[in-house]
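Given the coordinates of chain C, work out where chain H with the ligands should sit on it, guided by the hints.
Residue numbers (UniProt numbering), protein chains in the order written: chain C, 1 to 474; chain H, 1 to 227.
One should not assume that every hint holds.
[What the hints assert, rightly or not] Chain H stretches covered by chain C per the calculated footprint, using a threshold of three residues with CB under 8 Å from any CB of chain C:
| # | region |
| --- | --- |
| 1 | 2 to 15 |
| 2 | 95 to 109 |
[Stated by the list, open to error] Below 27 Å or equal to it, Euclidean Cα-Cα: the simulated DSS-like pairs (lysine-lysine) are:
| # | chain 1 | residue 1 | chain 2 | residue 2 |
| --- | --- | --- | --- | --- |
| 3 | C | LYS253 | C | LYS230 |
| 4 | C | LYS287 | C | LYS262 |
| 5 | C | LYS358 | H | LYS112 |
| 6 | C | LYS192 | C | LYS214 |
| 7 | C | LYS262 | C | LYS230 |
| 8 | C | LYS227 | C | LYS262 |
| 9 | C | LYS204 | C | LYS214 |
| 10 | C | LYS358 | H | LYS116 |
| 11 | C | LYS358 | H | LYS216 |
The hints are simulated quantities; they were obtained by calculation from the structure and are not laboratory data. We put the beta carbon where it would ideally sit given N, CA and C, even for glycine.
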Amino acid sequence: MFFTYLRRELRRRRKAALVVASGLALGIALVIVVNSVSAGMKQAQGEVLESLYGLGTDMTVTKAQEEPEEGGAVARPRFKFDASDGGEQSNDMLMVQGFETLSTSTVDTVARQDGVANAVGGLSLTSISVSGDFKPGEMKPAQPAQPGQKGSGGSGEVRGGGADFGVNSFTVFGTDVTEPELGPLTSSTLTKGRTFKTSETDAKVAVLDSAYAKKEDLATGDEVEVKGKKFAVVGIATADKGQPAANVYIPLKQAQTLADAKGKITTVYVKAADSQAISAVKDAIQKNVPDTTVTTSADLAKTVSGSLDTAAGLASTVGKWLSYAVLAAAFLVAGLLTSSAVSRRVREFGTLKALGWKSGRVTRQVVGEALVNGLIGGALGIAAGLAGAYAVTAVSPTLTAELGGGLRVAGPGGGGPAQDAAERTLDIALSAPVSLATIALAAALAIGGGLIAGGFGGWRASRLRPADALRRVE
Amino acid sequence: MYDLRGVTKTYRRGKATVQALADVDLTIEDGGRLVIQGPTGGGKSTLLQMLGGLDRPTSGQVALDGTDLATLPEARLTRVRSENIGFVFQSFNLIPTLTAQENVETALVPLKLRAKDRRERAAEALESVGLGERLGHLPGEMSGGQQQRVAIARALVKRPKVLLADEPTGNLDESMRDEIMELLEGLWKEHGLTFVMVTHDSAIARRAPRLATIRKGRLTVTENAGA
Ligand SMILES: Nc1ncnc2c1ncn2[C@@H]1O[C@H](COP(=O)(O)OP(=O)(O)OP(=O)(O)O)[C@@H](O)[C@H]1O
Ligand SMILES: [Mg+2]
Chain C
1 MFFTYLRREL RRRRKAALVV ASGLALGIAL VIVVNSVSAG MKQAQGEVLE
51 SLYGLGTDMT VTKAQEEPEE GGAVARPRFK FDASDGGEQS NDMLMVQGFE
101 TLSTSTVDTV ARQDGVANAV GGLSLTSISV SGDFKPGEMK PAQPAQPGQK
151 GSGGSGEVRG GGADFGVNSF TVFGTDVTEP ELGPLTSSTL TKGRTFKTSE
201 TDAKVAVLDS AYAKKEDLAT GDEVEVKGKK FAVVGIATAD KGQPAANVYI
251 PLKQAQTLAD AKGKITTVYV KAADSQAISA VKDAIQKNVP DTTVTTSADL
301 AKTVSGSLDT AAGLASTVGK WLSYAVLAAA FLVAGLLTSS AVSRRVREFG
351 TLKALGWKSG RVTRQVVGEA LVNGLIGGAL GIAAGLAGAY AVTAVSPTLT
401 AELGGGLRVA GPGGGGPAQD AAERTLDIAL SAPVSLATIA LAAALAIGGG
451 LIAGGFGGWR ASRLRPADAL RRVE
Chain H
1 MYDLRGVTKT YRRGKATVQA LADVDLTIED GGRLVIQGPT GGGKSTLLQM
51 LGGLDRPTSG QVALDGTDLA TLPEARLTRV RSENIGFVFQ SFNLIPTLTA
101 QENVETALVP LKLRAKDRRE RAAEALESVG LGERLGHLPG EMSGGQQQRV
151 AIARALVKRP KVLLADEPTG NLDESMRDEI MELLEGLWKE HGLTFVMVTH
201 DSAIARRAPR LATIRKGRLT VTENAGA
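Just chain C, same shape as in the assembly:
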């Protein structure tokens, strides 16, 4: 009888059921869309950070930045040319990015800290070559290349008076080939050839970023010249997202030798043993390894700005708030509608009690109806929510993430020396992945909504007396 009665009620009072269900559906759909868009935002932010650090890097350690003295005692690169008459001259420079280095031993010190699973060092370099000639009588030395440029290896013409010089620059990353699992190269996927062998610690081999290789028309089997030395191109790698960590990757030891930075690195890439304990590890390193700056993903995330950040902020505040407000309103409306439906059926339920139905049975009938309404609402809401999330993914609006702003991004590829406000811009297509957990949440909300509505109605029904069968209503 329970199910017959339930079925009949839902079928014959379809409209009332649909009103309750669609209210719940709206709230549930909103929760799904907001949740999935939020997940998409997090995923996008994760991609931004990953592109900087490589997979699995929890934090980086760099040399603490010293206050630059007035007058700039920091060694700036200087190109020296003979202002001689005619003839092509060229000058190659391989500079450490940021001019700040740590000793290789720092890697071991960091690795020894509690909670550090792995640590690997890397050396970020910028190669600038200037070549050209002077015309007689024009004695102006060329300006050194503005080093603040992005590490995209762009070249520019510097024309000054009678001088005609070309500038060519690209970024080089000395990678620890013995640790292929960690470091910036992990955020690129090898598309041609091979990566470094762990034995190639001092080999003259290079992996190129695909965009750079294309621009310079280089392929595996070709050679690339770094500070006059030829490296065999063994592989081409494509950055998974945004800009690559460097244009040219070579073994760390080679990079140190060429840049005249023996035993030096710019950055230590650290993987924590427990991703929950990152800030503790950060504190330990900061305390026990002097003169270093530790940057975690969280620190970096704080520097993400642009539409991605705005949208993520919106999703996590207004969106959540709105969806839960709508949901609460839907619950309340469902409850009140169910309660008023019971009021309209006072005589019906009174009659059942007069016939000897236990109060609990009548209440159960009301709660059952409300629960089914909730489930219908849940099904509609999940369908609408999935459609909404699918629509977001299909449209995939592009969000821009700007990194930097006050924080020195020590990751390679950031480009130029002394980069105080390393600006990096990434375009990320937003998707709205719907997780099983979100569906489960929606289902739970549907059941919860049904039970709340049933609670309102059931409470009303339980208070009816058999004498209400004789009530003069309707």
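Frame of chain C; chain H with the ligands shown alone:
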């Protein structure tokens, strides 16, 4: 058998109190038939509610076969209603979304019969009121007289000891009234029920062997030896 002693029912409506029943004494024999009449608001329905265990008196006792319904715990009172008392209402009180047969079945739900038995007994009861052909009809698809027949089948399907009817013909036109009255009288005789009926129909009242009149909560009983 009913034995009512000093039954008083007071309703509170805001600050005012209404005495619907005032110190009512009444006995009804097993298989007896009592017709109740009186002016509107006199307390007829209230008395019927006391007899049917739908409500409790403010004071006094309502004994049915020695059990005082006034003080019986709710669960047992519910049982008494489900097993012993059949109710017929003026406005039929059928559940609009259920078919005739399902409406009759609702009376059997508390008896925990197997679904098949329940359906069979409901069908039999509907046949006995002449609605064997209408098992699957909804209340809205039937005339008032037919709806009241369904309600009568629902009241009798559990084979109660007592049948209580509150103006069962009040919502029906004349031709149907007699039909329903004949049906009820026939069933009363056939089943040996104790039958209490409220009616405004003075013709029926005149024919009744025992007539109770309630005015302002006060009850007087007149025996009609001639009937
Ligand atoms: N639930 C209630 N709350 C308050 N007062 C009530 C309630 N039920 C009945 N009354 C009052 O008690 C008195 C008796 O009512 P009752 O319904 O028993 O009269 P009745 O004789 O059946 O009248 P009618 O012929 O109109 O059906 C009336 O004054 C009525 O207003
Ligand atoms: Mg009445």
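Now for the hints, and whether the structure bears them out:
Counting residues of the region 2 to 15 of chain H whose CB lies closer than 8 Å to any CB of chain C gives 0, which falls below the minimum of 3, so the coverage claim is violated. With a threshold of 8 Å between beta carbons, the proposed coverage of the region 95 to 109 of chain H by chain C holds, since 9 of its residues qualify and at least three are required. Taking the CA atoms of C:LYS253 and C:LYS230, the gap is about 15 Å. The hint holds against a cut of 27 Å. Restraint check for C:LYS287 and C:LYS262: satisfied, since their Cα atoms lie roughly 26 Å apart, inside the 27 Å limit.
With a CA separation close to 12 Å, the supplied pair C:LYS358 and H:LYS112 stays within the 27 Å bound. The straight-line distance between the Cα atoms of C:LYS192 and C:LYS214 is roughly 12 Å, inside the 27 Å bound, and the hint therefore holds. Our distance criterion of 27 Å between C-alpha atoms is met by C:LYS262 and C:LYS230, whose separation comes to about 19 Å. With a C-alpha separation of about 16 Å, the suggested pair C:LYS227 and C:LYS262 falls inside the 27 Å cut-off, and the hint holds.
Between C:LYS204 and C:LYS214 the alpha-carbon distance is near 21 Å, which keeps this suggested pair within the 27 Å criterion. This hinted pair checks out: C:LYS358 and H:LYS116 have alpha carbons roughly 22 Å apart, not beyond 27 Å. About 33 Å separates the Cα atoms of C:LYS358 and H:LYS216, which puts this hinted pair outside 27 Å; it is violated.
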